[in-house]
Amino acid sequence: MSDKIKSDAVFGLARHFRLQWEDAQQNYVLLFPEGMVKLNGGAGEVIKRLDGKKTVADVVAELQAAFPGVPELEADVLSMLDLALGKDWIEQKNSL
Amino acid sequence: MNKKTHSKPLPKPFWLLAEITYRCPLHCAFCYNPTDFVNYTHNELSTEAWIKVLRDARQMGALQLGISGGEPLLRDDIEEIVAEAGSLGYYSNLITSGVGLTEKRIAEFKRGGLDHIQLSMHDISKEINNFITDTNTFELKKKVATMIKDYDFPMVLNVVIHRYNIEHIGEILEMAEQIGANYVELANTQYYGWSLLNRAQLMPTREQLIKAEAVTNKFRERIGSKMKIYFVVPDYYADRPKKCMNGWGEVFMIVTADGTVLPCHSARVLPNMTFPNVQEHGLEWAWNESPAFNKYRGDDWMKEPCRSCPDKEKDLGGCRCQALMLAGDAELADPVCELSPAHGVILQAIEDAKNPQLAAQPILFRNDKNSRKIIDGELKHLTDEFHALP
Chain P
1 MSDKIKSDAV
11 FGLARHFRLQ
21 WEDAQQNYVL
31 LFPEGMVKLN
41 GGAGEVIKRL
51 DGKKTVADVV
61 AELQAAFPGV
71 PELEADVLSM
81 LDLALGKDWI
91 EQKNSL
Chain U
97 MNKKTHSKPL
107 PKPFWLLAEI
117 TYRCPLHCAF
127 CYNPTDFVNY
137 THNELSTEAW
147 IKVLRDARQM
157 GALQLGISGG
167 EPLLRDDIEE
177 IVAEAGSLGY
187 YSNLITSGVG
197 LTEKRIAEFK
207 RGGLDHIQLS
217 MHDISKEINN
227 FITDTNTFEL
237 KKKVATMIKD
247 YDFPMVLNVV
257 IHRYNIEHIG
267 EILEMAEQIG
277 ANYVELANTQ
287 YYGWSLLNRA
297 QLMPTREQLI
307 KAEAVTNKFR
317 ERIGSKMKIY
327 FVVPDYYADR
337 PKKCMNGWGE
347 VFMIVTADGT
357 VLPCHSARVL
367 PNMTFPNVQE
377 HGLEWAWNES
387 PAFNKYRGDD
397 WMKEPCRSCP
407 DKEKDLGGCR
417 CQALMLAGDA
427 ELADPVCELS
437 PAHGVILQAI
447 EDAKNPQLAA
457 QPILFRNDKN
467 SRKIIDGELK
477 HLTDEFHALP
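Protein chains in written order, with my numbering: chain P, 1 to 96; chain U, 97 to 486.
Keep in mind that the hints were calculated from the coordinates and are not lab data. Quick caveat, the model's predicted, so the values are computed rather than measured. Ideal placement from N, C-alpha and C gives every residue a C-beta, glycine not left out. There's no promise every hint is true.
Said to hold, decoys possible - Label-pair ranges, simulated between beta-carbon atoms:
(1) D76/P to R318/U: 32 to 42 angstroms
(2) K410/U to D76/P: 27 to 37 angstroms
(3) E91/P to E144/U: 23 to 33 angstroms
(4) A310/U to L83/P: 52 to 62 angstroms
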């Protein structure tokens, strides 16, 4: 696992952020005051699973089950979480 | 118009700004609203028309919604409009002075699915707040801020910066921290509408601006991610012109109180343009097909020095309205650009900002009486300085 993202960490959307599927765009968007981010397919799949209850390990396992055979999936998930955390889109919900 | 030269698909209006009324209890000297706003205070769209605008725009892909004015709380049907926006899945923002916000209304907004409230604040001092807005609203704003917090809305403070408050930026940020703001926009005045007429009175000096930015950066370091601070650099002191509205008809669509559809806040000043109105045309036609929205899409319209400029995609030649108001032709380079032959007008305004006598001229406040005077040509000596003000 990466240095910053621990496998037993639990993440959720940052306060006052909203994740929404946009039919017109066929992707998830993250909405917040004064901004929005269009999430590509992979990022949407990761972020929609951050419910403030599942651990990072749970999320990785779920994605591996949903997308079997995708190489480097765990590393991709961790770098996605790292990026989302750096941008304050998500926040850690448990203290380790 | 030049639509067929577009090779890429037409953009979508992700941001919709609904300026639902131009009536306003405040009379701010820096207001960007049209100076002839009294022409649009008696022919506002009906509730049903606004609901149709929201539905149509959402279908076209709009996601972020600003409900603004004037003061949007002056409309009695604001709760209905908010609830419709909520059910359509907009991320909606009420942009308000706070005047007219009551416990009953804010609870209704929460139920209706409003996402956040952007409250305007003006200064830490009652005197300056009351002077620049020409109202007695200082205490009220503090009460409203508490209410926004109590109802768990993200608090976005918008503070328009000018020479009367720029030296208080440090204290303004401390006040924002105290009342628990999540976002603070330090919006240096841009000179459109009323603020253009009051430019000499409002524009800070370069020294004041540099100091304010340094104070802001220092505060940012201390506060970290607890509070997001946007410092909007005023055009006149920017190195390069701004990519206005992120491109004409690219992302933003504004529907004004009387139903006129605009690609930017001040496009009404542009002469020889007919902007579509939702009472005559569908929104989809306005955005996709209307000559006005296609006029400055892309870069076919550009003249030199923009046409052959290596930076033309970066800034799209700046702001069409500013080019018109300051250089007399909307298709010229924005005079903010140092490559513009008219750049001297910007340098002069910067020079003038150092002259306390010019700054001490009386302010023309945004009110019905002054708006009528402008329409009747009584303030020609002021308006003639800038082209095509109504």
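Numbered hints the structure breaks, given as an ascending list: 3, 4
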